[in-house]
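With these hints in hand, go ahead and build the complete structure from the sequences.
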Amino acid sequence: MMSLNDYLPVITPDLVLDQPVLGSWQVQAVSERLATSLGRPVDQLRGRKVAAVFPDAVPSLADLATEVVEQGQDLSGIRIQLVPRQADVLADLQVVGLTDDHQGRQVVVILRPLGDVPEAESFHRLVGVSAVMREVFRKVRLYAASDATVIITGETGAGKELVAHALHLESHRRNKPFAALNCTAISEQLLESELFGHERGAFTGAVRDHRGYFERADGGSLFLDELGDMPMSTQSKLLRVLEDGQVVRVGSEVPRKVDVRVIGATNVALEKAVANKEFRADLYHRLAVLRIHLPPLRERAEDIPLLAERFLAQFSHQYGKPARRLTFEAVRLLQSYLWPGNVRELRNVIERVVVESETEAIGARAFAEWIRERRQFAADLPVARPAPSSASPLPVALPWSGWVDTPPHASVVPGARGQKKELSEEVIRRAYAAADGNLSAAARRLGIHRATLYRHLQRLGLKRGELYLD
Numbered sequence: 001m002m003s004l005n006d007y008l009p010v011i012t013p014d015l016v017l018d019q020p021v022l023g024s025w026q027v028q029a030v031s032e033r034l035a036t037s038l039g040r041p042v043d044q045l046r047g048r049k050v051a052a053v054f055p056d057a058v059p060s061l062a063d064l065a066t067e068v069v070e071q072g073q074d075l076s077g078i079r080i081q082l083v084p085r086q087a088d089v090l091a092d093l094q095v096v097g098l099t100d101d102h103q104g105r106q107v108v109v110i111l112r113p114l115g116d117v118p119e120a121e122s123f124h125r126l127v128g129v130s131a132v133m134r135e136v137f138r139k140v141r142l143y144a145a146s147d148a149t150v151i152i153t154g155e156t157g158a159g160k161e162l163v164a165h166a167l168h169l170e171s172h173r174r175n176k177p178f179a180a181l182n183c184t185a186i187s188e189q190l191l192e193s194e195l196f197g198h199e200r201g202a203f204t205g206a207v208r209d210h211r212g213y214f215e216r217a218d219g220g221s222l223f224l225d226e227l228g229d230m231p232m233s234t235q236s237k238l239l240r241v242l243e244d245g246q247v248v249r250v251g252s253e254v255p256r257k258v259d260v261r262v263i264g265a266t267n268v269a270l271e272k273a274v275a276n277k278e279f280r281a282d283l284y285h286r287l288a289v290l291r292i293h294l295p296p297l298r299e300r301a302e303d304i305p306l307l308a309e310r311f312l313a314q315f316s317h318q319y320g321k322p323a324r325r326l327t328f329e330a331v332r333l334l335q336s337y338l339w340p341g342n343v344r345e346l347r348n349v350i351e352r353v354v355v356e357s358e359t360e361a362i363g364a365r366a367f368a369e370w371i372r373e374r375r376q377f378a379a380d381l382p383v384a385r386p387a388p389s390s391a392s393p394l395p396v397a398l399p400w401s402g403w404v405d406t407p408p409h410a411s412v413v414p415g416a417r418g419q420k421k422e423l424s425e426e427v428i429r430r431a432y433a434a435a436d437g438n439l440s441a442a443a444r445r446l447g448i449h450r451a452t453l454y455r456h457l458q459r460l461g462l463k464r465g466e467l468y469l470d
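For what it's worth, my numbering labels the leading residue of the sequence shown as 1, then goes sequentially.
A hint or two may mislead.
[Claimed, not checked] Straight-line distance between alpha carbons at most 30 angstroms, and here's what the computed BS3-like set of lysine-lysine pairs gives:
{"hint": "1", "residue 1": "K272", "residue 2": "K321"}
{"hint": "2", "residue 1": "K277", "residue 2": "K321"}
{"hint": "3", "residue 1": "K139", "residue 2": "K272"}
{"hint": "4", "residue 1": "K272", "residue 2": "K237"}
{"hint": "5", "residue 1": "K176", "residue 2": "K237"}
{"hint": "6", "residue 1": "K176", "residue 2": "K277"}
{"hint": "7", "residue 1": "K237", "residue 2": "K49"}
{"hint": "8", "residue 1": "K257", "residue 2": "K237"}
Treat the hints as calculated values from the structure; they're not laboratory data.
Below, the structure written as structure tokens:
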């Protein structure tokens, strides 16, 4: 196993924390950059207790380091204020190795300014580090240079309007209007008036001239959401506007020239709608020049921690709540859910737990009531993928990726919680094999700290290379 020092030439840590005595974290190393921001020379910081160097850190840096060691997992995306009245910084806590004695008591801390978000993570309010989201970003940049119509496909709540707005902001039309209209939000009778406008007296209640969305978006972009549900009569008029670039208001015969890039979105398959004669084939071919598919949240679970962090920061500020971070268990729980409501549902859930929370760290238990509500509808929702290897200890059900009623280690080691366990060689071998040779994962399955597992190995005279079952 690589030790901590094996990693230090590769990265430039801001802090290296050492725990010579259980529960007592000290600063072992500190970067010049961080020392300068603290107004202290490096030599005055080395060897001092973390609580003395950062007494007002929110959340506690020592507590975060302890969580890294106890969970045997990296922490990232944690918003932490090290010094009062100093700009927030985003802390990435990472265990990049263990000390030579494998006791897991050193942690590397890497900091970067809050708001200094890599472009790969945030793009015009779109958030994601997954490969599928990076492909969305790539297509947005590529298609923004064109004025061709674009169709954005994706499930409800996935963020199709954000993609449309990103296309507009990346284009040469960015300084012109961006208008958005949901084609199912208004009645069929009023849709044409909203799109194309109407003249005074065109119908009962038309007491003045009205500029439609095409005129309001002149020079810019018009986003038509739920395009697949547009009435056939309106589809024919939309086709005419797309072909000649002119709109005729309801009650008028005078065409008005408009320069608008149309971006459509749908959560239904337009090809199927065309086959069912519910959507005009000629309009489909006119619209579907370029296409961007926005994947559902369940297909990009690696983006969930980053999205949850953004929403947590947003609502903590909005409601004046102390919540600053989600625990490891809470994040894993969110990643095990299939999110039929996509990003919109995640946003609503985070808002709910922030409003209900009175602590800095939101744990998995904060989602218990939400879980019970989801269970009530479980029979009507699909299961899409198997349970993750490190599932939440909370009892959850469909639409989670599997039933999880106990911690993963419960079936491996008998005995009441907190009871001292004398693990047998066979039990350790089974856990190691089930964890695919990952000692940290094996320790979690056994319900013990990683350092405790090493002590058991030493007691039994076992080496890591000898752990696989014959």
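Comparing the hints with the structure gives:
no.	hint	verdict
1	K272 / K321	violated (47 angstroms)
2	K277 / K321	violated (52 angstroms)
3	K139 / K272	holds (24 angstroms)
4	K272 / K237	holds (21 angstroms)
5	K176 / K237	holds (24 angstroms)
6	K176 / K277	violated (36 angstroms)
7	K237 / K49	violated (72 angstroms)
8	K257 / K237	holds (14 angstroms)
Hint violations for this structure: numbers 1, 2, 6, 7, all remaining hints satisfied.
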